[in-house]
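Colleague: Residue strings, one per chain:
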Amino acid sequence: MKRIVLLLLVAACGGTYQAPPPVASIALPDGSQLKPYDLTKPGKARPQGMAEAAGRVYVTLSNQRDTDTGPVNAGPGFLAAFTPSDGNVTLIDLGGGDGLQCQNPGFVRASADGYLYSPCSGNFSGTDRARAIVEVDPLANVVTRRAAIPNGRVPNGVAVTRTRIWTGDAFTTTVFSIDRTTLAADPTPPVPVDCAKTVFNYVADVMTIGGDVYALCGSNNSGELYRLDPDTGAVKAHVTVGPNPTELAGLDDGRIAVVNAGDSTISLVTPSGGTLTAQKVITLSHADALQDVRAFGHILFTVASSTNTAQRIDLDAQGGPKVVAEANFGLNSGPYNILPLDDTQAIVSNRGTNTIAAANWVTVK
Amino acid sequence: MPPSRVFPRYLLLLAMVAAAAARAQEPGETIEVQGERRQGSPRAPAAAATVVDMAQFGGEVRSVAEMLSTAPGVSIHALGGPGQTATLSLRGATADQSLVLLDGIPLQGPGGGALDLSTLPATILDRMVVSRGVLGAQFGAGALGGVLELLPRSARGSWTGGAEASVGSFGTERLALDAAMPAGNGSALIALQGDRTSGNFEYARQLTPEIAGSPYYGFTRENGDATRGSGLLRISQELSGELGLDLLLQGSAGVRGLPGASSAPTPRSREFDADGVAGVRLRGSSGDATWSVRASGRLDRSELRGVLAFGDCEDGTPDCPRQDQRSSSARAEGELALPAGEANSLRFLLSGGGEWVHGTTGAHRRGLLSAAVRDDVTLAGGFSLHPAVRLDKVGTQNGLSPGITAQWKPAPEHPLSLRAGWGLSYRAPTFTELYLERGGIAANPDLRPERAWSVDAGAEWRLALLTLSATAFWSSYRELILYQLFPPARVKPFNVGKARIAGVELQAVVPLPAHLLATVSYSFLDAVNRADGHKLAYRPPHRLFARLARRGDRLEGYGEASFTSAIPRNAFDTAFVDSQLLLNAGIGVRAAGPLWVDVEAKNLLDKRTYEDLFQYPLPGLSIALIARARL
Numbered sequence: 001m002k003r004i005v006l007l008l009l010v011a012a013c014g015g016t017y018q019a020p021p022p023v024a025s026i027a028l029p030d031g032s033q034l035k036p037y038d039l040t041k042p043g044k045a046r047p048q049g050m051a052e053a054a055g056r057v058y059v060t061l062s063n064q065r066d067t068d069t070g071p072v073n074a075g076p077g078f079l080a081a082f083t084p085s086d087g088n089v090t091l092i093d094l095g096g097g098d099g100l101q102c103q104n105p106g107f108v109r110a111s112a113d114g115y116l117y118s119p120c121s122g123n124f125s126g127t128d129r130a131r132a133i134v135e136v137d138p139l140a141n142v143v144t145r146r147a148a149i150p151n152g153r154v155p156n157g158v159a160v161t162r163t164r165i166w167t168g169d170a171f172t173t174t175v176f177s178i179d180r181t182t183l184a185a186d187p188t189p190p191v192p193v194d195c196a197k198t199v200f201n202y203v204a205d206v207m208t209i210g211g212d213v214y215a216l217c218g219s220n221n222s223g224e225l226y227r228l229d230p231d232t233g234a235v236k237a238h239v240t241v242g243p244n245p246t247e248l249a250g251l252d253d254g255r256i257a258v259v260n261a262g263d264s265t266i267s268l269v270t271p272s273g274g275t276l277t278a279q280k281v282i283t284l285s286h287a288d289a290l291q292d293v294r295a296f297g298h299i300l301f302t303v304a305s306s307t308n309t310a311q312r313i314d315l316d317a318q319g320g321p322k323v324v325a326e327a328n329f330g331l332n333s334g335p336y337n338i339l340p341l342d343d344t345q346a347i348v349s350n351r352g353t354n355t356i357a358a359a360n361w362v363t364v365k
Numbered sequence: 001m002p003p004s005r006v007f008p009r010y011l012l013l014l015a016m017v018a019a020a021a022a023r024a025q026e027p028g029e030t031i032e033v034q035g036e037r038r039q040g041s042p043r044a045p046a047a048a049a050t051v052v053d054m055a056q057f058g059g060e061v062r063s064v065a066e067m068l069s070t071a072p073g074v075s076i077h078a079l080g081g082p083g084q085t086a087t088l089s090l091r092g093a094t095a096d097q098s099l100v101l102l103d104g105i106p107l108q109g110p111g112g113g114a115l116d117l118s119t120l121p122a123t124i125l126d127r128m129v130v131s132r133g134v135l136g137a138q139f140g141a142g143a144l145g146g147v148l149e150l151l152p153r154s155a156r157g158s159w160t161g162g163a164e165a166s167v168g169s170f171g172t173e174r175l176a177l178d179a180a181m182p183a184g185n186g187s188a189l190i191a192l193q194g195d196r197t198s199g200n201f202e203y204a205r206q207l208t209p210e211i212a213g214s215p216y217y218g219f220t221r222e223n224g225d226a227t228r229g230s231g232l233l234r235i236s237q238e239l240s241g242e243l244g245l246d247l248l249l250q251g252s253a254g255v256r257g258l259p260g261a262s263s264a265p266t267p268r269s270r271e272f273d274a275d276g277v278a279g280v281r282l283r284g285s286s287g288d289a290t291w292s293v294r295a296s297g298r299l300d301r302s303e304l305r306g307v308l309a310f311g312d313c314e315d316g317t318p319d320c321p322r323q324d325q326r327s328s329s330a331r332a333e334g335e336l337a338l339p340a341g342e343a344n345s346l347r348f349l350l351s352g353g354g355e356w357v358h359g360t361t362g363a364h365r366r367g368l369l370s371a372a373v374r375d376d377v378t379l380a381g382g383f384s385l386h387p388a389v390r391l392d393k394v395g396t397q398n399g400l401s402p403g404i405t406a407q408w409k410p411a412p413e414h415p416l417s418l419r420a421g422w423g424l425s426y427r428a429p430t431f432t433e434l435y436l437e438r439g440g441i442a443a444n445p446d447l448r449p450e451r452a453w454s455v456d457a458g459a460e461w462r463l464a465l466l467t468l469s470a471t472a473f474w475s476s477y478r479e480l481i482l483y484q485l486f487p488p489a490r491v492k493p494f495n496v497g498k499a500r501i502a503g504v505e506l507q508a509v510v511p512l513p514a515h516l517l518a519t520v521s522y523s524f525l526d527a528v529n530r531a532d533g534h535k536l537a538y539r540p541p542h543r544l545f546a547r548l549a550r551r552g553d554r555l556e557g558y559g560e561a562s563f564t565s566a567i568p569r570n571a572f573d574t575a576f577v578d579s580q581l582l583l584n585a586g587i588g589v590r591a592a593g594p595l596w597v598d599v600e601a602k603n604l605l606d607k608r609t610y611e612d613l614f615q616y617p618l619p620g621l622s623i624a625l626i627a628r629a630r631l
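As given, the protein sequences belong to chains A and B, one line each in that order.
For the first sequence, position 307 (counting from the first letter as 1) is numbered 307 according to my numbering, and the numbering increases by one without interruption.
For the second sequence, position 463 (counting from the first letter as 1) is numbered 463 according to my numbering, and the numbering increases by one without interruption.
These are calculated hints, taken from the structure and not from any lab test.
Please read all numbers here as calculations on a predicted model, not as lab measurements.
Even glycine gets a Cβ: it sits at the ideal position worked out from N, Cα and C.
Don't take every hint at face value.
Claimed, not checked - With a Cα cut of at most 25 Å, we get these calculated DMTMM-like pairs of lysine to aspartate or glutamate:
1. A:Lys365 to B:Asp578
2. A:Lys365 to A:Asp343
3. B:Lys492 to A:Asp68
4. A:Lys280 to A:Asp343
5. A:Lys322 to B:Asp446
6. A:Lys35 to B:Asp319
7. B:Lys492 to A:Asp288
8. B:Lys607 to A:Asp288
9. A:Lys197 to B:Asp532
10. B:Lys492 to B:Glu479
11. A:Lys41 to B:Asp319
12. A:Lys41 to B:Asp315
13. A:Lys197 to B:Asp573
14. A:Lys197 to A:Asp179
15. B:Lys498 to B:Glu479
16. A:Lys197 to B:Asp446
What the hints assert, rightly or not - Chain A is nowhere near these chain B residues, computed Cβ spacing over 12 Å in every case:
17. Pro42
18. Arg153
19. Arg156
20. Ala179
21. Ile235
22. Leu338
23. Pro412
24. Pro594
With the hints as constraints, model all of the structure from the sequences given.
Modeller: This is the structure:
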């Protein structure tokens, strides 16, 4: 909140906000620091989502170890809090007393009143008790409350309104809400947010933008963005975006950027009255596995996990949106989320190398 | 400075100029020019086919994949560098959709699917026949893109032998020996080949490729070493005037590093593999009828070490188990060919057996049963027809594969021939597709067979060594097995694809003055996903290969160019592998007696920025020195 006030102040004075430069790389806690269930089989941090709150950055640590059959939860989920300019890390254990209250947290988002919410996917079976949405007070860096997830659902994405916590289902194309006061899941049937598919589709993300809740449905060949009533979940509008969309971000002018991993494009969605219109504005033909998009003014920031890169895109560039800078985070870094600190500086969570790294941009000459 | 820099490019150029000058000093030399001497497969008469004769690559260090890539309609998916995995694509079909036969025995990878061509030793082969089209009627289920027949060296009735040794860039070495001899009432042949490479070449890539003109940085590929030994034994015995027995044993074993893609190297991943094929055939004739009975078997084993679903690991640690996969097959078959009247020649085939897998896919088996009949019909006016039909039962999945080819020649010796073909067939899912549950891959035991049909037509002008051919084809695929997103973070195969692949294949083999032989082949592919109209990924729209070679009894040499146009690498026409132009050249002299010494350079332009379809880096300039002798 302080930072938003600061930004508004800077904007009002006609200046450009510049964040303190972040440290080049922050190593995240590892092994025994992450309270492994089996000391002989510790996990890696495997950082994912990032959010800002209380002047710090928070990143989810899924705390997994790699096996020949895929990643396995090695311990409870964590949040790591840090200040980008000094790199000091504070760990917040999301797992509770038995370590099983939250496993594999992916997203983390801040509510307007300053709390953090993170959905925990558990082991993706849809039946384990480590699925939850946890609430964290960033002023105290402690878990304040926990909402259990109904059986058969795996939470994905999180949108916090004044009265409700909305999340999507990683197994189906539905979203459902949790009462923010009682932390009980809404007993009414989930809200369908479907999109075209050949075999499988799911809810890639749910986010609050401009007072509405937006839900993103993705499949390997299509994607659909839904605008929902924040109180009832009623569908107000929807529009087709690109294939396999992974993330969305709100711009300061009300538009919404959606990154489509299937065809490596970005769609800009414009809400107008009761409708949404979408347009693909740029193709990142060398960026594979686009995972995240964030906005700072009219600058978009994206990350591509397979190519270990992040892009800085100027939406107002002459001739149309254009990549004006790109950064590489090294072999096997697997950048997963990006967080702009101002309109030129950004940090990424490297899921592969378990670090938070500052983007060292190569710019267009 | 890498080893490849030891031989500057201009030295090679100088050598080629010297060779051209030396040519004038060899009056009366006997030139043996070897082009395409055979026309297709006897199992698929009048099918579109190209014969790749290994002899034309004497003095060159070539893998099976490299030699195949000279043929029209063929593209190779190689995971970068010598000794690494390479698979075959015919007419835009996947590697699983083409059959590979060694002397008629089907070969497969350890999961029951595509064969890794890098496990095949090139020097034990005599020639390869690439037959294109849906040829299930002629070869069996699975031949949707076509068939590659590997024909090993034949035993001879007299003592002959040869040896070849080469050393080259990236620590690449090869030693090959073969000997043929009389044995009992027949002959025997033994051939051995050993290959080794350190495989650690330099390459360059942009770290920020979205920025036009951003710099390239140099890297050295690591963990690209490979060592392989292979052998072949063939024995042929005449038991009586009309009865003969043939034995074939072929085996190969190797170990290699799995270096990974350029953006995600895997320095700790290794693969060990071993495979063997055995076949014994009894053949005979009775009157106008000929018959054969054969039993054959195949064993494959592959073990992955230090391999994870995403990345690598330290072999021997608790979460890094070795992944062992074994497959085998055995079958018996009988074939009878007999004339039926003046104009017909009938062939009947009956075969049965089974195939088994054990390992990461679990333990599974399925029966194989086939029955086929083909008629070769000679008609008036130079026409011939070759209808065929085959019933294959693969496990519980049955399918009928009909097909017909036709040919017209104005006269038996006339250089012109016109041909056309049609075929319909299916491919049973592989064991990998049905049962492999590992890492990011889910199994689907409910998969149905893929189905395809194709039609093609072509013309050929063949006069002595001159060959000009053109073929156009159109094929349709349905029930394609595609890996689809499946929660959480996995992919699973489903029968959801449908595609149309059309194309043109051109080839010219032209003898030129000064005992030169020019070969040009061109392939055009238009591969479209019929579900959404986008191009199919990983199919090169244009491939052009040109080669000029000279063979003499004192001097030999070649120069060749291979161009591949930009290739779609996603399903939405928004990302491409850049086009590639490779230039290779070699020159050799007969140094003494039967001893030839050659020097060969590949990728003369030293392009270090090329990558394969899956972003594995490809080597820059490499040079090899080859010595060979044949008695």
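Colleague: Is the Cα-Cα distance between A:Lys197 and B:Asp573 25 Å or less?
Modeller: holds (19 Å)
Colleague: Given the proposed pairing of A:Lys365 with B:Asp578, does the C-alpha separation stay at or below 25 Å?
Modeller: This hinted pair holds, its Cα atoms lying about 23 Å apart.
Colleague: Quick one: work out the minimum CB distance from B:Leu338 to chain A and report holds if it exceeds 12 Å, violated otherwise.
Modeller: holds (49 Å)
Colleague: Do the alpha carbons of A:Lys41 and B:Asp319 lie within 25 Å of each other, as the hint requires?
Modeller: Holds: A:Lys41 and B:Asp319 sit about 8 Å apart, inside 25 Å.
Colleague: Hinted pair, alpha-carbon criterion (25 Å max): B:Lys498, B:Glu479. Please report holds or violated.
Modeller: Satisfied, since the Cα-Cα distance of roughly 6 Å is no more than 25 Å.
Colleague: Non-interface claim for B:Ile235: all C-beta distances to chain A beyond 12 Å?
Modeller: holds (43 Å)
Colleague: Between the alpha carbons of A:Lys41 and B:Asp315, is the straight-line distance 25 Å or under?
Modeller: holds (15 Å)
Colleague: Below or equal to 25 Å on CA atoms is what counts here, so check A:Lys365 against A:Asp343.
Modeller: holds (18 Å)
Colleague: Quick one, are B:Lys492 and A:Asp288 close enough, alpha carbons at most 25 Å?
Modeller: Measuring from Cα to Cα gives roughly 20 Å; hence the hint holds.
Colleague: Has the given pair, A:Lys197 with A:Asp179, been kept, meaning a C-alpha gap of at most 25 Å?
Modeller: Violated, because 31 Å separates the two Cα atoms, which is more than 25 Å.
Colleague: Holds or violated: are the alpha carbons of B:Lys492 and A:Asp68 at most 25 Å from each other?
Modeller: holds (17 Å)
Colleague: Taken at face value, is the distance from the CA of B:Asp319 to the CA of A:Lys35 at most 25 Å?
Modeller: holds (18 Å)
Going down the numbered hints, you'll see the structure goes against 5, 14, while the others check out.
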